[in-house]
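Protein sequence lines correspond, in order, to chains A and B.
Heads up: the first sequence begins at 0 in numbering that gives the first Met the number 0, then just goes up one per residue.
Heads up: the second sequence begins at 0 in numbering that gives the first Met the number 0, then just goes up one per residue.
Please keep in mind that the hints were generated in silico from the structure rather than gathered at the bench.
Treat the hints with care, since some could be wrong.
Claimed, not checked - Derived, one-sided and incomplete: chain A residues facing chain B with beta-carbon distance under 8 Å:
(1) MET0
(2) ARG42
(3) GLN45
(4) ASP48
(5) ARG59
(6) CYS79
(7) ARG87
(8) PHE140
To be verified - With a straight-line Cα cutoff of 30 Å, these simulated DSS-like cross-link-like pairs (lysine-lysine) come out:
(9) LYS115/B to LYS60/B
(10) LYS60/A to LYS115/A
(11) LYS4/A to LYS115/A
(12) LYS4/B to LYS14/B
(13) LYS14/B to LYS60/B
(14) LYS60/B to LYS14/A
(15) LYS4/B to LYS60/A
(16) LYS60/A to LYS115/B
(17) LYS4/B to LYS60/B
Unchecked claim - Pairwise CB distance ranges, derived in the manner of DEER restraints:
(18) LYS115/A to GLY33/B: 41 to 49 Å
(19) GLU103/A to ASP69/B: 23 to 31 Å
(20) ASP107/B to ASN1/A: 34 to 42 Å
(21) GLU19/A to GLU19/B: 15 to 23 Å
(22) ALA126/A to ARG130/B: 51 to 59 Å
(23) SER31/B to PRO136/A: 39 to 47 Å
(24) ILE110/A to ARG130/B: 16 to 24 Å
(25) ARG129/A to ARG130/B: 44 to 52 Å
Ideal placement from N, C-alpha and C gives every residue a C-beta, glycine not left out.
Protein chains: 2
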Amino acid sequence: MNYEKLLAVAYAEAKAGFDEGGVPVGAALFDSEGVLLGRGRNRRVQDNDPSVHGETDAFRKAGRQTTYRDKILVTTLAPCWYCSGLIRQFNIGTVVIGESVNFEGHRDWLIEAGVKIIELNDALCIALMRRFIEQSPHIWFEDIGECHSA
Amino acid sequence: MNYEKLLAVAYAEAKAGFDEGGVPVGAALFDSEGVLLGRGRNRRVQDNDPSVHGETDAFRKAGRQTTYRDKILVTTLAPCWYCSGLIRQFNIGTVVIGESVNFEGHRDWLIEAGVKIIELNDALCIALMRRFIEQSPHIWFEDIGECHSA
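Full structure from sequences and hints, please.
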């Protein structure tokens, strides 16, 4: 499987989110053959909806699936607890992570649950997220539930 | 705080979901004074959307909040990993659980993260969920990511 090619789909979502003024996290769900099932992005700003992270949006767009064990979730940024919980509850078999530099996520917790993790340490993902955090730190911290208002 | 009164709001959502043929889990988010911020229910069946659990729907309906530490999330059923992750990521201070008989949830994991848990062991919640699981086991197992086909 060419994971970089799958990541490009998630990155295009993240970039579209950035251009809309939103939190630039994109994700996509694929079957075991790499066929796209759903793609999505964080919509906190765009829809004023705190419940839509990149991963949950891709999961939604893929519709109801019988099983997720053979599915591949690709995300530009390491999943937060909310999205890690989604992965664990629905037993998503493989998670491809664009980067975990700007947000570390919960890799060990997912591995412990039997999830196969592939980290790509992608320079484009790192740069896009860093740019957003620098220009809109308050929105970023809101998105991960950290209150940084002083 | 009268938690039973808050639970009644979540239960009304669960009951509405049941009457629609959906998974009967309802939830509501309140501020520290018990003022309702958002209410919602599982919409897997109704909207064909696997991403909408009762808790995530109530969270969405409450809109963007600066902090959740002083908020109370009330749910008719013990939260799954997906919803437990939501609670932990956004540091929701208090979670009121209608019942954990039909689904045990992850109480210890939430307590460890500093969440105050109140269990009501509510007979109406138990009976409604039990009725749904008995009549539609395949939808219930799909909703918690368990493949019981075959």
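### Query
Against the structure shown, which of the earlier numbered hints fail to hold, in ascending order?
1, 2, 3, 8, 15, 16, 21, 23 and 24
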